[in-house]
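Enquirer: Each chain, written out:
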Amino acid sequence: MSASRASRFNQRSLAPVLFLAPAILFFLFYVIFPIFQSIQISLYDWDGLGPKTFVGMDNYVELMDDEAFYTSLKNNVIWLVLYMLAIPAGLFIALFLNQTVFGMRLYKSLFFFPFVISQVVVGLVFTWFYDPSYGLLNVILGWFGMGPIAILGDETWVTYGIIFAGLWPQTAYCMILYITGLNAVDPEQIEAGRLDNAKGWNMLWYIILPQLKPATFIAIVVTVIGALRSFDLVSIMTAGGPWGSSRVLAYYMYEKAFSEYGFRMGYGAAIAVVLLLIMMIYITFFLMKMYRDERGQ
Amino acid sequence: MFPTPIERRSAALQRMYKTALPFAMILWLLPLIAVALTSIRSAGDITAGNYWGWPTSFNLIQNYSDIFTNTPLGSYMWNSVRVTIPTVIGTLALSCMSGFALAVYKFKGNMLVFFMFVAGNFVPFQILMVPVRDLTLQMGLYNSVTGLALFHIAFQTGFCTLFMRNFIRSLPVELIEAARVEGVKEWRIFWFIILPLMRPAIAALAVLVFTFIWNDYFWATVLTQGAESQPVTAGLYSLNGQWVAAWHLVSAGSIVAALPPVAIFFLLQKHFIAGLTLGAVK
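Which chain is which? The protein sequence lines are A and B, in order. Residue 5 is where the first sequence starts when you use our numbering, and the numbers rise one by one after that. Residue 555 is where the second sequence starts when you use our numbering, and the numbers rise one by one after that.
You may find that some hints are simply not true.
Stated by the list, open to error - Each pair of labels, with its calculated beta carbon distance range:
{"hint": "1", "chain 1": "A", "residue 1": "Gly157", "chain 2": "B", "residue 2": "Ala602", "range": "19 to 25 Å"}
{"hint": "2", "chain 1": "B", "residue 1": "Ala578", "chain 2": "A", "residue 2": "Gly146", "range": "29 to 35 Å"}
{"hint": "3", "chain 1": "A", "residue 1": "Pro136", "chain 2": "B", "residue 2": "Ala578", "range": "24 to 30 Å"}
{"hint": "4", "chain 1": "A", "residue 1": "Tyr164", "chain 2": "B", "residue 2": "Ala602", "range": "28 to 34 Å"}
{"hint": "5", "chain 1": "A", "residue 1": "Asp158", "chain 2": "B", "residue 2": "Val816", "range": "43 to 49 Å"}
{"hint": "6", "chain 1": "A", "residue 1": "Asp190", "chain 2": "B", "residue 2": "Glu736", "range": "36 to 42 Å"}
{"hint": "7", "chain 1": "B", "residue 1": "Ala566", "chain 2": "A", "residue 2": "Gly245", "range": "47 to 53 Å"}
{"hint": "8", "chain 1": "A", "residue 1": "Gly146", "chain 2": "B", "residue 2": "Pro576", "range": "24 to 30 Å"}
{"hint": "9", "chain 1": "B", "residue 1": "Tyr571", "chain 2": "A", "residue 2": "Asp190", "range": "20 to 26 Å"}
{"hint": "10", "chain 1": "A", "residue 1": "Tyr74", "chain 2": "B", "residue 2": "Gly598", "range": "44 to 50 Å"}
{"hint": "11", "chain 1": "A", "residue 1": "Val105", "chain 2": "B", "residue 2": "Ala590", "range": "23 to 29 Å"}
Please keep in mind that the hints were generated in silico from the structure rather than gathered at the bench. Glycine included, each C-beta is placed from N, C-alpha and C at the ideal position.
Given only the sequences and the hints, what does the whole structure look like? Please build it.
Expert: In structure tokens form, the structure reads like this:
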């Protein structure tokens, strides 16, 4: 009896280790250790093949005087701010589609469509949409006697053009979050609100939005991360151009480390560390909320 | 329901809504519709700048067979399959186990391990790029689908563990307690009791991971090069460089590359949305 109890106890303490081991090993080697390795590499001068030379904070000092770094940082801020438009836009479409007319399911799927396709395809589609000679945008502008304008060849417009392309799938994502959220809104509260004569904006603001809080939270998290991860579209639509004016940190890092601009792994890693620090603000915020929720359970 | 159901509104408003719907949808999908139309145009139309007028000929079959016979698109697609399918299987296997362990057992550091998965899942890819490429090179897996799939499995395990753990937590604990009283071994509890109940979560994550990995572009460019191992996202980008202004081919290629995740989405929509909207409802 006592022997079997001991074996059960062993099993109970050994089981989690065995169940967790493969996942933890994979995650440590491919995700956790590389984070620290990158931080370490950022203190070196390294071309990726030859010997590493320790340079201390030199890469970071150089970063402080790097014009291209500030352009990328500024563009990241523009991305972050404008990407947030996906949240109200997604809510707007969700409200528009939250009806039960015939064929609604199909409409909802079609509106969600842009999120399912690859950003590479989105990027190619929009590059072509913006094309100064044949692109649909300029055809439409032509109807109003405007244009043509080469959005992706213009330093002032290029980043906005890329963000607009990114907003397309991101809005679809926020929309689906809100559609799911709206389905779960308590109908009794709506009826009670209607009895109190709450309508339109008031209803939305005081009764619906508070109940959509979980959806809004997730929408903010995924949108911030999407904005900071913006690499695909920049790479495909402009490769950072014209003259580096549409670079973002994620792309600039890649350029420094892997492209013909020189294999400067250390410098690239330093840029990545800055990007990580920005992201850490959100990661910490998210983890703290999760911790509070876990405690509350 | 909010907003007020349209059936309760005036007839005029209802009619307006029903006409606005298809218009809004066409506007929303306009870029895609344009691409689909362009993919069946002839090269002559493209050079003549006839993008928006009636096509002089319909080259559906010709364009689509062209991209498969004259370019390695078929091999890019096959590489995508070879990366995506093992990643889905590997990630699900790892995260079912880790999610189970984190949800069911109380042990020191449980929360810490859990938060490690969650936090790691959010880091920018660039902070991993140099060391992961190095690691892959050292293992001799650079420029191979295996190297790419192994990384994807590891990274996706973060998100999937979060998902699985929360899902298992919502299952009744009594089931496990009862089984333990009966003397059922731990791995049998996992295999025979919990795993069958996890089917909806497995389905949701399978479609989600499939889409994420199929659409990955960044890691494809970091860890592979050349038609023998590059997946279709990276392949399409290099083809785009070759097909300068051959927009009918670029469009056809884009449609082909987008097709598998779109098909999966339409076939398994319920699971897809369940996965994506995890946590959107309390």
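Enquirer: Could you check the hint for me, namely that Val105 (chain A) and Ala590 (chain B) are 23 to 29 Å apart, CB to CB?
Expert: 26 Å, holds
Enquirer: Could you check the hint for me, namely that Tyr164 (chain A) and Ala602 (chain B) are 28 to 34 Å apart, CB to CB?
Expert: 31 Å, holds
Enquirer: Taking 24 to 30 Å as the hint, is the beta-carbon distance of Pro136 (chain A) and Ala578 (chain B) inside that range?
Expert: 28 Å, holds
Enquirer: Would you say the C-beta atoms of Gly157 (chain A) and Ala602 (chain B) sit inside 19 to 25 Å of each other?
Expert: Once the Cβ atoms are compared, 23 Å apart, the range 19 to 25 Å for Ala602 (chain B) and Gly157 (chain A) holds.
Enquirer: Could one say that the CB atoms of Gly146 (chain A) and Pro576 (chain B) fall in the range 24 to 30 Å?
Expert: 25 Å, holds
Enquirer: Please check whether Tyr571 (chain B) and Asp190 (chain A) have a Cβ separation lying inside 20 to 26 Å.
Expert: Because 25 Å falls inside the window, the suggested range holds.
Enquirer: In this structure, is the beta-carbon distance linking Ala578 (chain B) and Gly146 (chain A) contained in 29 to 35 Å?
Expert: Check failed, 23 Å falls outside 29 to 35 Å.
Enquirer: With 44 to 50 Å as the target window, see if Tyr74 (chain A) and Gly598 (chain B) comply at their CB atoms.
Expert: 47 Å, holds
Enquirer: When you take the CB atoms of Asp158 (chain A) and Val816 (chain B), is the distance between them in 43 to 49 Å?
Expert: At 32 Å between Cβs, range violated.
Enquirer: Cβ-Cβ distance between Ala566 (chain B) and Gly245 (chain A): within 47 to 53 Å?
Expert: 51 Å, holds
Enquirer: Does the Cβ pair Asp190 (chain A), Glu736 (chain B) satisfy 36 to 42 Å?
Expert: 41 Å, holds
Checked against the numbered hints above, the structure breaks hints 2, 5 and satisfies the rest.
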